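Number of protein chains: 2
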Amino acid sequence: MSRWKPDAEGRLIKAAITLFDAQGYDATTVAEITAAAGLTKRTFFRYFADKREVLFSGAHELQDRWLGGIEAAPAGASPMSAVSAGLDGVIDLLAGRHPFARMRSRIIAANPELQERELIKLQSLASAITAALVQRGQPVNAATLAAQSGVTVFHVAFARWVDQDDPAAFRRLTDESLQELRSVVAA
Amino acid sequence: MSRWKPDAEGRLIKAAITLFDAQGYDATTVAEITAAAGLTKRTFFRYFADKREVLFSGAHELQDRWLGGIEAAPAGASPMSAVSAGLDGVIDLLAGRHPFARMRSRIIAANPELQERELIKLQSLASAITAALVQRGQPVNAATLAAQSGVTVFHVAFARWVDQDDPAAFRRLTDESLQELRSVVAA
Chain A
1098 MSRWKPDAEG RLIKAAITLF DAQGYDATTV AEITAAAGLT KRTFFRYFAD KREVLFSGAH
1158 ELQDRWLGGI EAAPAGASPM SAVSAGLDGV IDLLAGRHPF ARMRSRIIAA NPELQERELI
1218 KLQSLASAIT AALVQRGQPV NAATLAAQSG VTVFHVAFAR WVDQDDPAAF RRLTDESLQE
1278 LRSVVAA
Chain B
1098 MSRWKPDAEG RLIKAAITLF DAQGYDATTV AEITAAAGLT KRTFFRYFAD KREVLFSGAH
1158 ELQDRWLGGI EAAPAGASPM SAVSAGLDGV IDLLAGRHPF ARMRSRIIAA NPELQERELI
1218 KLQSLASAIT AALVQRGQPV NAATLAAQSG VTVFHVAFAR WVDQDDPAAF RRLTDESLQE
1278 LRSVVAA
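So the protein sequences, as listed, match chains A and B. Under the working numbering, the first residue of the first sequence is numbered 1098, with each subsequent residue one higher. Under the working numbering, the first residue of the second sequence is numbered 1098, with each subsequent residue one higher.
Hints listed in this document are in silico derivations from the structure and should not be mistaken for laboratory results. If you're wondering where the values come from, they're calculated on a predicted model, not measured in any experiment. Please note that a few of the clues may not be correct.
Identical copies go unnamed one by one, so any copy, or any two together, can satisfy a pair.
Below, computed lysine-lysine pairings styled on DSBU-like, alpha-carbon distance capped at 35 Å [stated by the list, open to error]:
1) Lys1218 - Lys1148
2) Lys1111 - Lys1218
3) Lys1138 - Lys1111
Just chain A, with the same shape it has in the complex (with noise of 0.2 Å):
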């Protein structure tokens, strides 16, 4: 074993949810993430307050991707379409992750305490959203409408692209799950 580990922090997220999924969530110790990613547990410490966090610390990277798509948009887009905007940098960044996504979706599933969490995150993603489109000259009632479908469209489309086999689908879904949220409120 080297003593230069490159990717510490990706290294112990696959060891983490490789173990969370195969032997469950509650059952997996920090002590055996860090064993299979062959790094010690001072090392885990450094990048995770503790072992749920390896499931939510790809949180603050989706919604930089999804602010900065927002920023990016031009100056007269509608807030729907700002939204769209950071939603396409989203699907880019998680195209090449779906076996990973499959399987945290799955450990998450099984555990009500993590699904609360998710739902936080979530929250706090479309918060963070409303807050991008309040900063860009929105009425905050259009920016919470926005942000609120946009987090659905997404939320719908990723449980419908981990539910399938084929990785690249994510944009079609996405594409399909907001149109059906056009037609469902039009109704």
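Starting from the known structure of chain A, arrange chain B on it as the hints suggest.
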């Protein structure tokens, strides 16, 4: 003080909300709540697991009302019409509780832990609405999108309702929010 105390639950809620709002949620004890209501701690714990649950005990009634409205909607109603029918019942339920709702919103807005709890309750409401729509034969995606949209409209309209002085405005604010959601997602 008479031994027979009608509506102990309602009096405990009223006393708790008033104290939380006046002196802060964290600073208020169950002993203070029961003293203000003229009741015992034993009575308190017959109704509530802890002081936090006083703020969320109405969620069950709200959800029952919403699901009852969905159940009573015509068989051929679109998912969004069924969701709106449920929301109509909720508006009737809350109509007389404007001062209470306003204090409660203020208490929750001041405390991140209560905000998390509120979001989880709203998401649990959205899940129950989704299940009720699926029960009526709606596909799960349309059901999820309609349920989330309904809860978003409710949440936005509720925030506007407690932020202004007319208790009778809730229905109008709900209609406006749904109309605005339609424009936002169509744009």
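Does the structure break any of the earlier hints, and which numbers would those be? none
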